[in-house]
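Model the full assembly from the supplied sequences, consistent with the hints where possible.
Take 1 as the starting number for the sequence shown in full-length UniProt numbering and just add one per residue.
These aren't lab readings, by the way, just hints derived from the structure by calculation. Fair warning: this is a prediction, and the values are worked out from it, not measured in the lab. Any given hint could turn out to be false.
Here are the computed distance ranges between Cβ atoms for each label pair [unchecked claim]: (1) F260 <-> I174: 30 to 38 Å; (2) V293 <-> S243: 26 to 34 Å; (3) F260 <-> C179: 43 to 51 Å; (4) E182 <-> R259: 34 to 42 Å; (5) I185 <-> R262: 15 to 23 Å; (6) D3 <-> V28: 17 to 25 Å.
Below, in silico cross-link-like pairs of lysine-lysine (DSS-like), each with a Cα-Cα straight-line distance of 30 Å or less [what the hints assert, rightly or not]: (7) K218 <-> K285; (8) K176 <-> K218; (9) K218 <-> K187; (10) K249 <-> K208; (11) K222 <-> K249; (12) K7 <-> K31; (13) K208 <-> K218; (14) K226 <-> K208; (15) K187 <-> K31; (16) K285 <-> K249; (17) K226 <-> K285; (18) K190 <-> K176; (19) K285 <-> K176; (20) K222 <-> K285; (21) K216 <-> K190; (22) K208 <-> K285; (23) K208 <-> K190; (24) K249 <-> K187; (25) K176 <-> K187; (26) K222 <-> K190; (27) K222 <-> K208; (28) K187 <-> K216; (29) K190 <-> K249; (30) K176 <-> K208; (31) K222 <-> K176; (32) K218 <-> K249; (33) K216 <-> K285; (34) K249 <-> K176; (35) K187 <-> K208; (36) K285 <-> K190; (37) K222 <-> K187; (38) K190 <-> K226; (39) K216 <-> K176; (40) K187 <-> K226.
Every residue gets a Cβ at the ideal spot worked out from N, C-alpha and C, and that includes glycine.
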Amino acid sequence: DDDEGVKVLLSLVVTACGLALFGVSLFVSWKLCWIPWREHGLSPTTKEAHGHLNPTMSPLPSQEPTPVASAAMKISHTSPDIPLDAQSKGRENGVHTNPRMQRQTTEPPHSGSIRRHINLSNPDFNVAQFQRQDSLTGMGLGLGRLKPELYKQRSLEGDEGSRRGGGCGRLHFILKFDCDQEQLIVKIHKAEDLPAKDFSGTSDPYVKIYLLPDRKTKHQTKVHRKTLNPVFDEVFLFPVAYSELPTRKLHFSVYDFDRFSRHDIIGQVVVDNFLDLADFPRETKLCRDIQYVSSLS
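Structure below.
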């Protein structure tokens, strides 16, 4: 009886140890297999179900952008990250696009001016080509930026010719003295062969008259536009005593009118010794060369 009791007790101990070992093995296998799968979200059952639902879907990093995403990129170049209807429709259809392709591009403000010189789609441009295009563009812009100082080129050439020739055309005028009224009557008839002062090859001449040494009393003709042979036919009166005529000088200054800058002096004519003129004090017709002067004192 004692031997049978010992055998039964040993069998129970062995059975209990076997059950304990089996429980420990189950616990270790659960720790090693079940918990890592749950942390990565890929249990055997869910992985099989995921592969069954989308068997043709490729990994996201290797997926090519769809035409919808590429078309959405070209909509805006100014606002970053705008939600697009095309992207939402793609999500409804089960198409997942790369998040990097959803960002909008913003170009710098000066990119438009650079695109005129460089073809951005062609990376084989060189510095010489850029400089040649820039020089051609500079020539085109230069046509609209005319320098005013170049307008006077012909004027300066005419002035040089006047210095060498000693004259700047001729002035025709008539002098008469009215003894009853004691006034000198001056009629400016015309001017001939005036030098060109404008870049168009013409001048806008007019004449100022003084009876020196008095500069307070001044007379002036009208301006005649774009001509080198103006006809004035204007009469001016200078009150003066006959006895003062030997000390007086009649001074004609011929100018070229300029609307935007200082008027250019063409030349001058000075008449003195009135009593030595033929037919004076009666009407006397005179023609004098216009002498070049750089400025009037």
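The hints, checked one at a time:
no. : hint                      : result
1   : F260 <-> I174: 30 to 38 Å : 35 Å, holds
2   : V293 <-> S243: 26 to 34 Å : 30 Å, holds
3   : F260 <-> C179: 43 to 51 Å : 46 Å, holds
4   : E182 <-> R259: 34 to 42 Å : 39 Å, holds
5   : I185 <-> R262: 15 to 23 Å : 31 Å, violated
6   : D3 <-> V28: 17 to 25 Å    : 38 Å, violated
7   : K218 <-> K285             : 22 Å, holds
8   : K176 <-> K218             : 18 Å, holds
9   : K218 <-> K187             : 14 Å, holds
10  : K249 <-> K208             : 14 Å, holds
11  : K222 <-> K249             : 22 Å, holds
12  : K7 <-> K31                : 36 Å, violated
13  : K208 <-> K218             : 7 Å, holds
14  : K226 <-> K208             : 18 Å, holds
15  : K187 <-> K31              : 127 Å, violated
16  : K285 <-> K249             : 17 Å, holds
17  : K226 <-> K285             : 26 Å, holds
18  : K190 <-> K176             : 17 Å, holds
19  : K285 <-> K176             : 9 Å, holds
20  : K222 <-> K285             : 21 Å, holds
21  : K216 <-> K190             : 25 Å, holds
22  : K208 <-> K285             : 19 Å, holds
23  : K208 <-> K190             : 13 Å, holds
24  : K249 <-> K187             : 16 Å, holds
25  : K176 <-> K187             : 9 Å, holds
26  : K222 <-> K190             : 12 Å, holds
27  : K222 <-> K208             : 10 Å, holds
28  : K187 <-> K216             : 20 Å, holds
29  : K190 <-> K249             : 20 Å, holds
30  : K176 <-> K208             : 18 Å, holds
31  : K222 <-> K176             : 22 Å, holds
32  : K218 <-> K249             : 13 Å, holds
33  : K216 <-> K285             : 26 Å, holds
34  : K249 <-> K176             : 14 Å, holds
35  : K187 <-> K208             : 12 Å, holds
36  : K285 <-> K190             : 12 Å, holds
37  : K222 <-> K187             : 13 Å, holds
38  : K190 <-> K226             : 15 Å, holds
39  : K216 <-> K176             : 22 Å, holds
40  : K187 <-> K226             : 22 Å, holds
Consistency with the previously given hints fails for numbers 5, 6, 12 and 15, ordered from lowest to highest.
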